[in-house]
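Protein chains: 4
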Amino acid sequence: MHRPGRHFLQIPGPTNVPDRVLRAIDMPTIDHRGPAFADMSRKALDGVKGIFKTRQPVIIFPSSGTGAWEAALVNTLSPGDRVLMYETGHFASLWNALAQRIGLQPEVIASDWRSGVDPEKIEERLKADKAHEIKAVCVVHNETSTGCRSPIDEVRKAIDSAGHPSLLMVDTISSLGSMDYRHDEWGVDVTVGGSQKGLLLPPGLSFNAISDKAIAASKSASLTRSYWSWDEMVSANETSLFPYTPATNLLYGLVAAIEMLNEEGLENVFSRHERHAAATRAAVKAWGLEVFCNNPKHYSASLTAVLMPEGHSADEFRRKVLENFNMSLGNGLSRLSNKVFRIGHLGDFNDLMLMGTLSGVELGLRKAGVPHRTGGTLAAIDVLAGDGGGTAIAAE
Amino acid sequence: MHRPGRHFLQIPGPTNVPDRVLRAIDMPTIDHRGPAFADMSRKALDGVKGIFKTRQPVIIFPSSGTGAWEAALVNTLSPGDRVLMYETGHFASLWNALAQRIGLQPEVIASDWRSGVDPEKIEERLKADKAHEIKAVCVVHNETSTGCRSPIDEVRKAIDSAGHPSLLMVDTISSLGSMDYRHDEWGVDVTVGGSQKGLLLPPGLSFNAISDKAIAASKSASLTRSYWSWDEMVSANETSLFPYTPATNLLYGLVAAIEMLNEEGLENVFSRHERHAAATRAAVKAWGLEVFCNNPKHYSASLTAVLMPEGHSADEFRRKVLENFNMSLGNGLSRLSNKVFRIGHLGDFNDLMLMGTLSGVELGLRKAGVPHRTGGTLAAIDVLAGDGGGTAIAAE
Amino acid sequence: MHRPGRHFLQIPGPTNVPDRVLRAIDMPTIDHRGPAFADMSRKALDGVKGIFKTRQPVIIFPSSGTGAWEAALVNTLSPGDRVLMYETGHFASLWNALAQRIGLQPEVIASDWRSGVDPEKIEERLKADKAHEIKAVCVVHNETSTGCRSPIDEVRKAIDSAGHPSLLMVDTISSLGSMDYRHDEWGVDVTVGGSQKGLLLPPGLSFNAISDKAIAASKSASLTRSYWSWDEMVSANETSLFPYTPATNLLYGLVAAIEMLNEEGLENVFSRHERHAAATRAAVKAWGLEVFCNNPKHYSASLTAVLMPEGHSADEFRRKVLENFNMSLGNGLSRLSNKVFRIGHLGDFNDLMLMGTLSGVELGLRKAGVPHRTGGTLAAIDVLAGDGGGTAIAAE
Amino acid sequence: MHRPGRHFLQIPGPTNVPDRVLRAIDMPTIDHRGPAFADMSRKALDGVKGIFKTRQPVIIFPSSGTGAWEAALVNTLSPGDRVLMYETGHFASLWNALAQRIGLQPEVIASDWRSGVDPEKIEERLKADKAHEIKAVCVVHNETSTGCRSPIDEVRKAIDSAGHPSLLMVDTISSLGSMDYRHDEWGVDVTVGGSQKGLLLPPGLSFNAISDKAIAASKSASLTRSYWSWDEMVSANETSLFPYTPATNLLYGLVAAIEMLNEEGLENVFSRHERHAAATRAAVKAWGLEVFCNNPKHYSASLTAVLMPEGHSADEFRRKVLENFNMSLGNGLSRLSNKVFRIGHLGDFNDLMLMGTLSGVELGLRKAGVPHRTGGTLAAIDVLAGDGGGTAIAAE
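Protein chains in written order, with numbering that gives the first Met the number 0: chain A, 0 to 395; chain B, 0 to 395; chain C, 0 to 395; chain D, 0 to 395.
No lab work stands behind these hints: they were computed from the structure.
Warning: the hint list may mix true and false statements.
Note: identical chains are not told apart, hence a pair may lie in one copy or across any two.
Said to hold, decoys possible - In silico lysine-lysine, BS3-like type, Cα no more than 27 Å apart, as pairs:
(1) LYS366 <-> LYS284
(2) LYS156 <-> LYS366
(3) LYS319 <-> LYS129
(4) LYS129 <-> LYS212
(5) LYS42 <-> LYS319
(6) LYS338 <-> LYS284
(7) LYS284 <-> LYS48
(8) LYS296 <-> LYS52
(9) LYS366 <-> LYS338
(10) LYS296 <-> LYS156
Produce the entire structure from the sequences given, and follow the hints as far as they go.
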């Protein structure tokens, strides 16, 4: 049964994959040991470094982002190692659960999920760790479940101020290619990424950007690893090959996506996301609703989670939006289940797609009988117009 | 240079071709004389009848819609024949020019372009034609240059009331598959259609739906014709073949498009277009601008032409919209050049795409410094919500 | 019902469209009056000149090749004009029929269809035409129904030797992009082309390359024309636009196809076709069958028509090949119906595709019980190996 | 730089992905938690069972086949567990190395790689294992490095005859969807599969078909696992969802591929592969070369490895084939490096593609100066014709 027009995929990832990437993926698979493959994979392996802003190797796994979380840990740590995790939200929790599952001893700094990481708490904890038992600090750059961003550069400074040798691992799954991120400059040891958000691809590739220190750690790390092992990857990648069959067609898409991000210019990509996030928050405020993230310095640029008014079901609202307006919004996860909805405004996106999205939210609020003030969309237009809102309003 | 997000192609055709149609077109070309082709072309030839609401043959030309205009005339008329044309706008004028060029004597009922056909004027003229020198009445169902719709059923009645034997030819290029149209029931003799608007396809196919009376006329018509000749087409089509190489890949797309229109249901397709047109007009009114069509009974459902305020350039406005908001709007044609812009809201389209479109217009008006009241988009939301606008507005 | 593997589309056109072209066609349709279109169409309009080897304008019609035949005549001639046509086969006959249909007086030089044009006969006829009543000489460069090629440069010389002012019109539908062709150097006035053969595209575009003399003729030519009219095309094309909606998506494909032909190099494209034709003829000879073209100087490089042994049905053979081996071969047309089959070896094609094709013929001959010697495929391998056949044969 | 015609991807996987699968993959990514996804993934999860011939759950990982090897082991075994592996070739060796790496104690039954598993050796070893220390027997159904097939049903019987409780794990990466395989009937506990061979997809999905016994084993197995864990997969799959983001677009392709295999009929698919393998071996024999597998009962149906004559480089031969004939052949792996080349004849493949492939081998042997007798291709045609070779040979 055909539904007219384009679906608005406004979950915070997977995002709306551009046609140019889909068409690239749609080309015939080639021999992953032949010269044409090597040419293509060289472009992918080199090009992706620019997106992470690193000169180090970036490992590309044929897997979901979840795999890259696991890879970050198993390559650098040993059974029983302590890791310091910061529970900024659902995905930070999942990473913590994974760490436990594979035999690490994660220690969690709790939070109310409504802001990003407080670097001072990390610094404090590390200072207390005189014996340097903590081997890694794990934080999520952009918490996809809450729309809060953490200041990674300040986390780095906190570790340094504490004089602590811990590795720094950062999940950038929903920030990479959408929000400013600098693997080398910010001194990150392992950056975890995925293909299906700001990187414009369907799901199926994940990434580890790594530092010399992380590579050094991998030499003595004794957690069991095979599929996720960096060493064979790094050495095979030197000749543009992979130790096992790569996801060739997604690599075609990766090459196309990198080209597109570079054509637009990464800094332009980032400012576009910031602008769309600001317009979205203006709409939320105008509707009389509440942005879930309550620390303005930590607002995400790639998604906005919105608190549903007491007594109203976020999931019922989302269902009505999907049925009536052919738009998918993100749901509330675990403790936020049915309490928030999330608007993804990341990836291959522009002003008018955002206005369609926000209009769908406003129409959905009406359809679902959620109390709100009209005009969120107009508030967003004011932000997008960027003209102060004054001059053009009066016709008479 | 990549521009992020999807382009909004909101000219009144070609329209946003759905992925399913593009992917169908993207399959390998096959032997146009083989059995697989015959199966496919049968579906196209039979299925397209349902779109025209006819049981008669529908001719499919590998050409632009302009070719189907020519085909309608050369198959049914002879050099020097009089035809009565009704100048509802630019495209009616072009059809008239074509008729002159190929040796007919068109007689034109003029108009101010701001409404559709007045059937009384046709009846009056035909009644005066005692000698039945007028061989055909040619009208445009939906004038793409103005956004005015003509009442074809009433034109038929006018011809009948006049007791005149003239053929009735109707251009449905921008109405077919978007607005209610009934070739058989309305007694049309030749209906002219194109692929690139409500029919969801790229340009490259055109159509003639024909009546028994038109076929009879073709037996004695003496205008020169070869490529456009119906007779070889009709007989070849009987065995699902074509007299010369057809545009095979566009036929794949036609089969897919017909399926999609039928899945949604033609009546649903029409009411969707009417609703989007109403929302668009509400926006225009709220902006304090003027819909070019000044006869509410003749409002088009597939596009809305908007008058630019005196002293402002419609083309400059459109240029700013394209540059800043990645949306193409239709320009004013011939006498309307630079005076109107046209919003296409037809084809594979939905509420949120419309809201993106109208937001783009509102943003563009601001960017171009065109005086207007804000809030056209909100007015459109009221129409789309369909809830009377009252209940959901108050949050406090 | 899925048939495994790729279909072998070995009719002499439409040909196997390469993925790169199909994917280009599969991109969203854009505004044919906007700047992105102008950029793209500029590439098409300029690039296609190189394929015709002309510096003059090349007109691109949204139509089948049949339309370009008509366009060549109606733009340059007047009712009752005499044209000299050379019946090299079925398609030359069809062009002749078209000429009659539109009011010209074609005069035909007959042939047994088994060779290309004999320029001497043209010279002789033109010399006899003292009054210069013949306004155009029309020949088919590569007769798709027979696999015979005509020497266009010699036809030009024949016209010049006769001191005759006639225009020269050449159909290159199945030679363009496959066999050496030089519009300017050979002094052709109108070259007729189509998209679906050596030009690697699906059907739906046709071409007229024109000379100054042809343009001059068009100023006084009085045959009725509208859709096919050059003048509006040429002037619109100067600003990269078209007078009516072009087949935008096929133009995307044209740009891709031109790039591909230039990447391979036109001369390499031509020698590849010559080599494949030689290998095919070697196979036919080895099977003990007869190539229909009986003048070795006129062998086509893009297809080979093969005479079926007396008492055997070519169509039954082709049917068995299609059913059993998933390959489409070309049928015999009009007087050759059921008597020949045609092997297309043109377009996006390579040695192993040719060997699959010839193997399919050999398997089909067996399956259909057509008497033949085995080993045609081996003879083709000898040609393709290009090593004289000697060295590698002996293993012991 | 464009190379004309289709590349012949005749490595033993990835295989030539059919257009219908590529186009399916090329559709926009959707919300992996929404109802449209659930409908689609239900088809994939249910449909894939038919391909494995099981009624049990089949786990679908977003990973390469290598991941599914790891998953089979980590879900069912504990550190230090003994597993009996049978080194049929390179890939069996890799599985063995993986088992060691993750902390198992594999015991290997060696072989000369030139045949499949000898079930008697397994029975013998298991009988000797009175203490039932061996927890799993791991065999490769079709060894991709050698072209030898192992009799899985006989391995099952061997285990049963030995009265041994060991699990049976089978790698079907290069046999699934190409060669008869029956997970349930043959009593396999874990079947390992991949997407990129007989399953017609690009690489990026892998599979574990599992038995009740395997599930039971997973309850007490203590090897570390997270990404590969079955339990969350099985429970999420019950509602058509996945515990982490799945490779959505490849799942679209999986649904299409399953439909295609079922349309052709799995038994027809298998007999097609057997027939092509027989034709390939006939060619190899006719060339005077040696099929690497020396046990006719163990010939693979999906690929044929060919021994290069002493003193000739298989890799140099393959390089010449790629450069001159645009075909990729498989290389010799580890101990077979440079000694064999492998012809993949699996996946979406047909008679004429096979003939193109074998012609490319014959042409390559000539080009590389490898001593051989001509006519391998003719021998293959004899097999494909299936007519005994007699009737059609004589023309005179």
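Problem - Within, between, both or neither, where LYS366 and LYS338 count as close if Cα-Cα is 27 Å or less - result: Result: close within a single copy only, 18 Å intra versus 38 Å inter.
Handout entry: Up to 27 Å CA-CA - LYS156 versus LYS296, copy category
Key = Cα proximity of LYS296 and LYS156: one copy only (17 Å, versus 67 Å across).
Problem - Status of LYS129 relative to LYS319 across identical chains (alpha carbons, at most 27 Å) - result: neither (54 Å within a copy, 61 Å between copies)
Practice task
At 27 Å max between alpha carbons, let me know whether LYS284 reaches LYS48 within a copy, between copies, both or neither.
Solution key: This pair counts as neither: shortest intra-copy Cα distance 38 Å, inter-copy 50 Å.
Practice task
Give the relationship of LYS366 and LYS284 under a CA distance limit of 27 Å: within one copy only, between copies only, both, or neither.
Solution key: For LYS366 and LYS284, both the intra-copy (19 Å) and inter-copy (24 Å) Cα distances are at most 27 Å.
Exercise for the section: Please work out whether the CA atoms of LYS42 and LYS319 approach to 27 Å or closer within one copy, between two copies, in both situations, or in neither? Expected result: between (43 Å within a copy, 25 Å between copies)
Practice task
Go through the copies and call it for LYS129 and LYS212: within, between, both or neither, with a Cα cutoff of 27 Å.
Solution key: within (20 Å within a copy, 49 Å between copies)
Exercise for the section: Could you figure out if LYS296 and LYS52 sit no more than 27 Å apart (CA to CA) within one copy, between two copies, both or neither? Expected result: So LYS296 and LYS52 pass the 27 Å test inside one copy only (23 Å; across, 56 Å).
Handout entry: Homo-oligomer pair classification [LYS366, LYS156; C-alpha up to 27 Å]
Key = neither (48 Å within a copy, 43 Å between copies)
Practice task
Please work out whether the CA atoms of LYS338 and LYS284 approach to 27 Å or closer within one copy, between two copies, in both situations, or in neither?
Solution key: For LYS338 and LYS284, only the intra-copy Cα distance (17 Å) is at most 27 Å; the inter-copy one is 38 Å.
The earlier numbered hints that this structure contradicts are 2, 3 and 7.
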